[in-house]
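Enquirer: Quick mapping for you: the protein sequence lines, in order, are chains A and B. For what it's worth, numbering that gives the first Met the number 0 labels the leading residue of the first sequence as 0, then goes sequentially. For what it's worth, numbering that gives the first Met the number 0 labels the leading residue of the second sequence as 0, then goes sequentially.
Just so you know, these hints were derived from the structure itself, not from any lab. This one's a predicted model, so the numbers in the text were calculated from it and none came from an experiment. Keep in mind that a hint or two might mislead.
[Said to hold, decoys possible] Listed next, the in silico DMTMM-like pairs over lysine to aspartate or glutamate satisfying Cα-Cα at most 20 Å (straight line):
| id | chain 1 | residue 1 | chain 2 | residue 2 |
| --- | --- | --- | --- | --- |
| 1 | B | LYS493 | B | ASP450 |
| 2 | B | LYS381 | A | ASP93 |
| 3 | B | LYS338 | A | GLU156 |
| 4 | B | LYS338 | A | ASP104 |
[Unchecked claim] Derived CB-CB ranges, DEER-like:
| id | chain 1 | residue 1 | chain 2 | residue 2 | range |
| --- | --- | --- | --- | --- | --- |
| 5 | B | LYS256 | A | SER77 | 41 to 47 Å |
| 6 | B | GLY84 | A | HIS153 | 36 to 42 Å |
| 7 | A | HIS144 | B | SER111 | 44 to 50 Å |
| 8 | A | ALA307 | B | THR384 | 25 to 31 Å |
Backbone N, C-alpha and C define an ideal beta-carbon position, used for all residues, glycine too.
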Amino acid sequence: MSLNYDQAIEKYEPTLGLEVHVELNTKSKMFCGCATEFGAQPNTQTCPVCLGLPGALPVVNKKAIESSILIGLALNCSIAPFSRFARKNYFYPDMPKNFQTSQYDEPICVNGFLDVEIEADDGMKSFRIEIERVHMEEDTGKSLHVGGSTGRIHGAEYSLLDYNRAGIPLVEIVTKIVPNTGKYAPQVARAYVAALRDILRSLNVSDVKMEQGSLRCDVNLSLSKIGSGKLGTRSETKNVNSLRSVERAAAGEVIRQANRLEAGERIVQETRHFLEESGQTRPGRSKEQAEDYRYFPEPDLVPVAPDAKWIEELRKTLPEKPAARRKRLQTAWSVPDKEMAAMVNAELLDTVEETVKLGADPTKARSWWLGEVSRVANDRGVLPTELISVKDIAQVIALIASGELTDKLARQVVEGVIAGEGSPSDVISKRGLKVVSDDSALMKAIEDAIAAQPDTAERVRGGNIPAAGALIGAVMKATGGQADAAKVRELLLKHLGQ
Amino acid sequence: MSIRDNASVMAAALANKEISAVELANQHYEQIASVDKNVHAFLYLDKEGALAQAKEVDKKRAAGEKLSPLAGVPLALKDVMTQKGVPTTCGSKMLEGWRPPYDSTVVTKLKSAGIVILGKTNMDEFAMGSSTENSAFGPTHNPWDLTRIPGGSGGGSSASLAAYEAPLAIGTDTGGSIRQPAAVTGTVGVKPTYGGVSRYGLVAFSSSLDQAGPCARTVLDAALLHQVIAGFDPKDSTSINQAVPDVVAAAKKLDIKGMKIGVVKQLAGDGYQKGVESKFNEAVAELVKLGAEIIEVSCPNFEYALAAYYLIAPSECSSNLARFDSMRFGLRIGDDGVKGAEEVMNLTRQAGFGREVKRRIILGTYALSSGYYDAYYGSAQKVRTLIKRDFDAAFEKCDVLISPTAPTTAFKIGEKSNDPLAMYLNDIATIPVNMAGIGGMSLPCGLAEEDNLPVGFQIMSPAMKDDRMYLVGGALEAALLSKWGKPILDFAPKLAGSK
Ligand SMILES: [Zn+2]
Numbered sequence: 000m001s002l003n004y005d006q007a008i009e010k011y012e013p014t015l016g017l018e019v020h021v022e023l024n025t026k027s028k029m030f031c032g033c034a035t036e037f038g039a040q041p042n043t044q045t046c047p048v049c050l051g052l053p054g055a056l057p058v059v060n061k062k063a064i065e066s067s068i069l070i071g072l073a074l075n076c077s078i079a080p081f082s083r084f085a086r087k088n089y090f091y092p093d094m095p096k097n098f099q100t101s102q103y104d105e106p107i108c109v110n111g112f113l114d115v116e117i118e119a120d121d122g123m124k125s126f127r128i129e130i131e132r133v134h135m136e137e138d139t140g141k142s143l144h145v146g147g148s149t150g151r152i153h154g155a156e157y158s159l160l161d162y163n164r165a166g167i168p169l170v171e172i173v174t175k176i177v178p179n180t181g182k183y184a185p186q187v188a189r190a191y192v193a194a195l196r197d198i199l200r201s202l203n204v205s206d207v208k209m210e211q212g213s214l215r216c217d218v219n220l221s222l223s224k225i226g227s228g229k230l231g232t233r234s235e236t237k238n239v240n241s242l243r244s245v246e247r248a249a250a251g252e253v254i255r256q257a258n259r260l261e262a263g264e265r266i267v268q269e270t271r272h273f274l275e276e277s278g279q280t281r282p283g284r285s286k287e288q289a290e291d292y293r294y295f296p297e298p299d300l301v302p303v304a305p306d307a308k309w310i311e312e313l314r315k316t317l318p319e320k321p322a323a324r325r326k327r328l329q330t331a332w333s334v335p336d337k338e339m340a341a342m343v344n345a346e347l348l349d350t351v352e353e354t355v356k357l358g359a360d361p362t363k364a365r366s367w368w369l370g371e372v373s374r375v376a377n378d379r380g381v382l383p384t385e386l387i388s389v390k391d392i393a394q395v396i397a398l399i400a401s402g403e404l405t406d407k408l409a410r411q412v413v414e415g416v417i418a419g420e421g422s423p424s425d426v427i428s429k430r431g432l433k434v435v436s437d438d439s440a441l442m443k444a445i446e447d448a449i450a451a452q453p454d455t456a457e458r459v460r461g462g463n464i465p466a467a468g469a470l471i472g473a474v475m476k477a478t479g480g481q482a483d484a485a486k487v488r489e490l491l492l493k494h495l496g497q
Numbered sequence: 000m001s002i003r004d005n006a007s008v009m010a011a012a013l014a015n016k017e018i019s020a021v022e023l024a025n026q027h028y029e030q031i032a033s034v035d036k037n038v039h040a041f042l043y044l045d046k047e048g049a050l051a052q053a054k055e056v057d058k059k060r061a062a063g064e065k066l067s068p069l070a071g072v073p074l075a076l077k078d079v080m081t082q083k084g085v086p087t088t089c090g091s092k093m094l095e096g097w098r099p100p101y102d103s104t105v106v107t108k109l110k111s112a113g114i115v116i117l118g119k120t121n122m123d124e125f126a127m128g129s130s131t132e133n134s135a136f137g138p139t140h141n142p143w144d145l146t147r148i149p150g151g152s153g154g155g156s157s158a159s160l161a162a163y164e165a166p167l168a169i170g171t172d173t174g175g176s177i178r179q180p181a182a183v184t185g186t187v188g189v190k191p192t193y194g195g196v197s198r199y200g201l202v203a204f205s206s207s208l209d210q211a212g213p214c215a216r217t218v219l220d221a222a223l224l225h226q227v228i229a230g231f232d233p234k235d236s237t238s239i240n241q242a243v244p245d246v247v248a249a250a251k252k253l254d255i256k257g258m259k260i261g262v263v264k265q266l267a268g269d270g271y272q273k274g275v276e277s278k279f280n281e282a283v284a285e286l287v288k289l290g291a292e293i294i295e296v297s298c299p300n301f302e303y304a305l306a307a308y309y310l311i312a313p314s315e316c317s318s319n320l321a322r323f324d325s326m327r328f329g330l331r332i333g334d335d336g337v338k339g340a341e342e343v344m345n346l347t348r349q350a351g352f353g354r355e356v357k358r359r360i361i362l363g364t365y366a367l368s369s370g371y372y373d374a375y376y377g378s379a380q381k382v383r384t385l386i387k388r389d390f391d392a393a394f395e396k397c398d399v400l401i402s403p404t405a406p407t408t409a410f411k412i413g414e415k416s417n418d419p420l421a422m423y424l425n426d427i428a429t430i431p432v433n434m435a436g437i438g439g440m441s442l443p444c445g446l447a448e449e450d451n452l453p454v455g456f457q458i459m460s461p462a463m464k465d466d467r468m469y470l471v472g473g474a475l476e477a478a479l480l481s482k483w484g485k486p487i488l489d490f491a492p493k494l495a496g497s498k
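All chains, full assembly: derive it from the sequences and hints.
Expert: Next comes the structure, spelled out in structure tokens:
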């Protein structure tokens, strides 16, 4: 009988640990001037330094240090006045020097925290995730193992190596152990990675594209029997590359480990790989014969000793924290929790805010972006902002507010803009969609309607206001529905002395 | 003018158009052709590149362009420095045939000064050794006695000077690889302050100790070359962003009256050849005559320098040499389409590295491994700090420190090749300088009476005060020259076929 998640969590308490690798978006690599653009032809973005050619020497990218300090400050860390790079020695063909230059026991930022919120059974619940360290390192190249069935080096016919990624600056953010999350462990893991991603995006230090690998998460998880007070042996699930997968990987490990423990087996300390299709993990390298990386201080680099004044200047440039900003906007726009969450999940907060900044009503802006535009975008698999600009949506909303467009016409205008017919004004004039608001044109139609239905007009004159409906209908018909019905009603009643 | 002249004399002859750079280069190639089959100082001659460079200098001079002082003077380059398109082997099978796609910073500076690079000189494999016997391409022979070693690791560079194959050479010094070869060949060699000359393009043996420097037949020539290659390089994070001390002016000054010169007590006595000590003492007497004040200083931690060095240097080398894995350049063994990458790496490293290199990689791998790190690498770093403090204390009392460069004169080829510890002892007096990152010079101070072979005199100066060793070295050299009546190399037996 195997345990499911709920049964597992009744008996065992999970402890999390999260390691997130972030590729910085610096223009050049960590230790050389090579470009970092994603998707270039293999081995075109290389030089003697990042190929590890004999005699070449590294020089630290100052921008990468700046980004790392910003990350540390945003995560409430202290910035080390003196930190160092070390060499992590191991042989692998995609590592040009056969050592990785990485910070080890002297990281640039230490002891921070990040608060995250999840939706618990009884409302929103907050967790504080403590950050142990933020350190800098360089990425490795990429191996493509050709032939064989697994895509792994063993069994492959041959391997292709691309060193474009070798030397791209990485920042690793490591949490302390995260205890007492109970059954919410998978949600907390996801919320942490999501919150971290938002912060990194707001700092503009990384593309944070999990699907391209610019943000990768290792999920460490162990179980302890409830009440035992003893930490269990952990597994490390490597390179999980979506928020959903982070949650699934954590839940999957809870189930797997609980079932092993139930069966009287022990948990092996090992790295595991997450399988997208099944939501399960498969074993990788066992850490029991731990590799000895022979770390020692990198003699080719001098210590990183950022000036205290510089750190304070950087602190002043920190943007508003995403969570605080969300709270502020939610209050300012009076958005209910659920709608706010929808907006955040759809990643449309910035877009809505920009639309509001152009004068649009927040509720209207939100409903246009999350409604009509998102629907078409989802159908086509593109981003809403790729369909229509913030400026165009703001203009459409303004035209509705001034009465120049009805909601129905506005939808046609947006449809026209999306179809590539030009700006909202272009679509309105090409399709002839303007609300008839010219009083004299309307008056002509009103007079025509009165002439056609003199009896009805007489009844309205006599005080039977509801009878005006027939006349308004006739005017609307005559203007092809482009007249504002309220305006028609106002003019008609006035004309008939009401 | 002849190839036996000093570089500064050649430079003057070139400036006065008494000789062209092309003629001068060709004269040296002729000398190499007649003597290098016996000396084996060179691993590669870049005749085409050198003559093109020489022609360029001659053209510029004819056009009346302002040239750098050493423009057109030939030079021999230790095969550990990269030169674009020219084979760079580091004396190893591992890199046989590798042509670097880039120039080291030193080579860039040499080229822009118009110095003509004749070729690449022999060395102990990856600069590990004190005799040049560890070269994968056969040993270099000492021009004073072809049955003897020319020192190492830069034996090729120093031998090329002593054999008049080149008036200038570049060496690199990790534990004495410039100074000890200079000592045993009767030439001058300088290890500048660590960070004084860029390491970019110097194939690393031990990154925190390696330093490139000038080799020449006189102190002034070394200073002229020092001036060309020194200076801050943004490509080397450990290079020092400060003005280069005026070493040329110092070498010319010849006045050391009132200078305080410290004799290091620990660098004498047991293990030092009698003739080495007596020539050293005679040179000290010359310094006294020149008006210097001699002070005995004690550096108690020097005793541990050799042991600490043989932990730090192998540790760094075990990591630096990891890149020689056949994947991107150099030798590849066993790539038959069946064997995996790991096996090919193993086979290549087994076949490509020589015994001494393997010995040091194993030593270093062990010293860095977890559980041993603190006891070995960690302790060695502490010793390093203590050695620095010994120097700091000594330099509070003295302007420079002196000692013999090497404990013995040149020994016989093969004599110590099966006794690594005896071999390591050659560097006992030179290693403290590298451990502290300060400057050190070796210049000849006479011939040992028991074997008539040259003895080296070491001058050590504080970090970025390299001018001081040139000042003392220049003055001592002048005093000794007038005492001997001719340069020391003129006492050497003439090589067969030599000019
Ligand atoms: Zn590069």
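Enquirer: Next, verify each hint and record whether it holds.
Expert: Structure-based check of all given hints:
Straight-line distance between C-alpha atoms of LYS493 (chain B) and ASP450 (chain B) comes to about 17 Å, which keeps the hinted pair within the 20 Å bound. As the CA atoms of LYS381 (chain B) and ASP93 (chain A) are separated by approximately 35 Å, the hinted pair breaks the 20 Å bound. A distance of roughly 10 Å separates the Cα atoms of LYS338 (chain B) and GLU156 (chain A); the hinted pair therefore holds under the 20 Å criterion. With a CA separation close to 37 Å, the supplied pair LYS338 (chain B) and ASP104 (chain A) exceeds the 20 Å bound.
In this structure the supplied range 41 to 47 Å is violated for LYS256 (chain B) paired with SER77 (chain A), their Cβ-Cβ distance being about 55 Å. Taking 36 to 42 Å as the suggested C-beta distance range, the pair GLY84 (chain B) and HIS153 (chain A) conforms, at roughly 39 Å. The hint said 44 to 50 Å for the Cβ distance between HIS144 (chain A) and SER111 (chain B), and at roughly 46 Å that hint holds. Restraint check, ALA307 (chain A) to THR384 (chain B): a C-beta distance of roughly 26 Å satisfies the suggested window 25 to 31 Å.
Going through the hint list in order, the structure does not satisfy hints 2, 4, 5.
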